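Trainee: Here is what each chain is made of, one letter per residue.
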Amino acid sequence: DAGVIQSPRHEVTEMGQEVTLRCKPISGHDYLFWYRQTMMRGLELLIYFNNNVPIDDSGMPEDRFSAKMPNASFSTLKIQPSEPRDSAVYFCASSFGRGNTGELFFGEGSRLTVL
Amino acid sequence: QKEVEQDPGPLSVPEGAIVSLNCTYSNSAFQYFMWYRQYSRKGPELLMYTYSSGNKEDGRFTAQVDKSSKYISLFIRDSQPSDSATYLCAMSYRAGGTSYGKLTFGQGTILTVHP
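Residue numbers (the numbering used here), protein chains in the order written: chain A, 4 to 118; chain B, 26 to 140.
The set of hints was computed from the structure by calculation and includes no laboratory data.
It cannot be assumed that every hint is accurate.
Said to hold, decoys possible - Taking lysine to aspartate or glutamate and the EDC-like style, the derived pairs with C-alpha atoms no more than 20 Å apart in a straight line are: (1) B:127 <-> A:60; (2) B:95 <-> B:28; (3) B:81 <-> A:106; (4) B:127 <-> A:47; (5) B:67 <-> A:47; (6) B:67 <-> A:14; (7) B:67 <-> A:106.
What the hints assert, rightly or not - Not close to chain A: a few residues of chain B, all C-beta gaps over 12 Å, as computed: (8) 37; (9) 41; (10) 42; (11) 51; (12) 54; (13) 84; (14) 91; (15) 93; (16) 95; (17) 98; (18) 102; (19) 138; (20) 140.
Here the structure is a predicted model, which means the values were calculated and not measured.
Even glycine gets a Cβ: it sits at the ideal position worked out from N, Cα and C.
Please model the complete structure; the sequences and the hints are all you need to start from.
Mentor: Structural data, given as structure tokens:
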């Protein structure tokens, strides 16, 4: 299995621009998570889905952030408009929900820089 | 106060040393305790997990949980340069329901093992 695949790996954009991050979870996994990692705040859960349905988006910092999961093999995290304080590494992770303690499999992350 | 506190280090040790990494937490509802390892420019990967209090050993790694003290530890014996990474503790309330997969991470400890 190829693991969780994220794109782009790096994104540099200017303040005010729209940013779309993409994720392909591991086939067969029914949970998908979006995390953000910064030096100051560490890893923070933004939102997660179960069977393509958003379960908890309480970590989404504000309305500029939105996430979708149109099918079991694809999810997007969108920031519009982007701001410099959104600069971080965004991780997507997936998991198989039954019969385990919830090991998360992370992608390699999308490093976002907003100038 | 953060729910999970972890000394970010950095920690530098010579090859062969015993390494002790620790986290404290404030929420007694946490039941599952994990250690993730994150290499530079990569996503975190699960290293060990334990349920409730006790010890768990896997090769050179030992995880300890003391729920009465709200304190968890990871010991690395005979440390190797390949162990150089960031180690993140993570905790969750339970394996199922709407809390599933909602891991709360520590800040991470940067470990360098030099030859």
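Trainee: CA of residue 81 of chain B to CA of residue 106 of chain A, is that 20 Å or under?
Mentor: 16 Å, holds
Trainee: Is the Cβ of residue 98 of chain B farther than 12 Å from every Cβ of chain A?
Mentor: Residue 98 of chain B is indeed farther than 12 Å from all Cβ atoms of chain A, at 19 Å.
Trainee: Measuring Cβ to Cβ, find out whether residue 138 of chain B lies farther than 12 Å from everything in chain A.
Mentor: The claim holds: residue 138 of chain B sits with its nearest Cβ about 22 Å from chain A, beyond 12 Å.
Trainee: Quickly compare the C-alpha distance for residue 67 of chain B and residue 47 of chain A to 20 Å and report which way the hint goes.
Mentor: 16 Å, holds
Trainee: With d taken as the least Cβ-Cβ distance between residue 84 of chain B and chain A, does d exceed 12 Å?
Mentor: Holds, because the least Cβ-Cβ distance between residue 84 of chain B and chain A comes to about 18 Å, which exceeds 12 Å.
Trainee: Beyond 12 Å from chain A, beta-carbon-wise, is residue 42 of chain B?
Mentor: 25 Å, holds
Trainee: Is it correct that the beta-carbon of residue 91 of chain B has no partner in chain A closer than or equal to 12 Å?
Mentor: Correct as stated: the minimum Cβ-Cβ distance to chain A is 19 Å, above 12 Å.
Trainee: Are the Cα atoms of residue 67 of chain B and residue 14 of chain A separated by 20 Å or less?
Mentor: 16 Å, holds
Trainee: Does residue 51 of chain B clear chain A by more than 12 Å, comparing its Cβ with all Cβ atoms of that chain?
Mentor: 16 Å, holds
Trainee: For residue 140 of chain B, is the shortest CB-to-CB distance to chain A above 12 Å, so the non-interface label stands?
Mentor: 27 Å, holds
Trainee: Is residue 95 of chain B within 20 Å of residue 28 of chain B, Cα to Cα?
Mentor: It holds: about 11 Å lies between the C-alpha atoms, which stays within 20 Å.
Trainee: Taking the minimum C-beta separation from residue 37 of chain B to chain A, is that value above 12 Å?
Mentor: 18 Å, holds
Hint check: no violations occur; every hint is consistent with the structure.
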